[in-house]
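Enquirer: What follows is each chain in one-letter form.
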Amino acid sequence: ILNVEQSPQSLHVQEGDSTNFTCSFPSSNFYALHWYRWETAKSPEALFVMTLNGDEKKKGRISATLNTKEGYSYLYIKGSQPEDSATYLCARRGSNYKLTFGKGTLLTVNP
Amino acid sequence: DAGVIQSPRHEVTEMGQEVTLRCKPISGHNSLFWYRQTMMRGLELLIYFNNNVPIDDSGMPEDRFSAKMPNASFSTLKIQPSEPRDSAVYFCASSLSGGAGEQFFGPGTRLTVL
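Top line first, the protein sequences correspond to chains V and Y.
Numbering-wise, the numbering used here puts 88 at position 88 of the first sequence, and it's gapless, one number per residue.
Numbering-wise, the numbering used here puts 112 at position 112 of the second sequence, and it's gapless, one number per residue.
Keep in mind that the hints were calculated from the coordinates and are not lab data.
Keeping only pairs whose Cα atoms sit at most 30 Å apart, straight-line, the calculated DSSO-like set for lysine-lysine is:
#: 1; chain 1: Y; residue 1: K78; chain 2: V; residue 2: K103
#: 2; chain 1: V; residue 1: K98; chain 2: Y; residue 2: K24
#: 3; chain 1: V; residue 1: K59; chain 2: V; residue 2: K42
#: 4; chain 1: V; residue 1: K69; chain 2: V; residue 2: K103
#: 5; chain 1: Y; residue 1: K24; chain 2: V; residue 2: K42
For reference, chain Y alone in the conformation it holds in the complex (with noise of 0.2 Å):
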């Protein structure tokens, strides 16, 4: 199994530029998690899905911040417009909700708002 793949790996750009983060969790997983980490607050979950559909995004920061699962093999974070506070590493995680619930994660995008 591949596990979790995120891509990009990296992302630079301009401040007010489309960001738009992409996520492939491990085949068979129906719940998909999307999380931010900073030095200042740590990994905060931004929302998570289950069977596609989006549960909780109470931690989405603002309406800058979208994210799509339109099928079970892909999501999508998106940042439009972009803005210097928004760099920080971008990890995906999936799981099989009604097992234990361990949730593996994939490499992160390491996104830079210049």
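Only chain V is shown next, with the shape it has when bound in the complex (with noise of 0.2 Å):
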């Protein structure tokens, strides 16, 4: 993989329902995952930060987990509500400060 990859594109849920969405990244000079949430017409929101094999973060009712060695990170909703509709990016960092940003999962949760 040589760039940040995310699935599926776009995905609409029924309120109610729980979902997740992968991305997929380099795993060689890996420093750190990001992920971001990004709601139309603002700006990107900062979810996680992940840097160890085997990670799992959680904020509420969204989490996420990584696996630096196979080059991939989950991030799970449970529950999704109607306010959860909006963008997730992840981003890789490297050895240095930069971030490279996969082109996102739009999530539309229908009331």
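Please dock the two separately framed chains into a single complex, following the hints provided.
Expert: Structure below.
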């Protein structure tokens, strides 16, 4: 994997459903993996920063896991709500402070 | 804290004109990043500064783009001359190097070049 890739590109779920999406990234020279939440007409807001293989982070109904050896991270949302509708971006940080972003997963939660 | 401040929020200009975008990072942050967001390419890093020094400008599209950071509280991104394909949302972000590297984004400047 040369770039940061996210899947699916978009996702529609019903309120109350649980969902998850994937971020794949180059595992060499890895330093950190960032997840951001980006609502329409706003700026990206940081959700999690993970550095260690096996890291798990949780914030309310949202959680994330990290596998640095195989180069992937999962973001989970439990019991989706309409206010969770946003684009979820992941970004890989190498040995410098530069972040390489994926193109995001657009989540729409229908009431 | 006011967060990262960008100005203007919207800019409409004609092809060939000079455009200057401004950014004030969060006080105490020593890394500053300029990004461009387009439908086709997503969020791309243009340039980043550490302690006011440009570290990586490999994302700057061409010589028409330049960025400066004269002090720790101010940066500019200039496009001269502007072209319609420069139309995009330009984000500035800042972070504290040495920490987790979490970046805090400004509200962005939506640039339209006619």
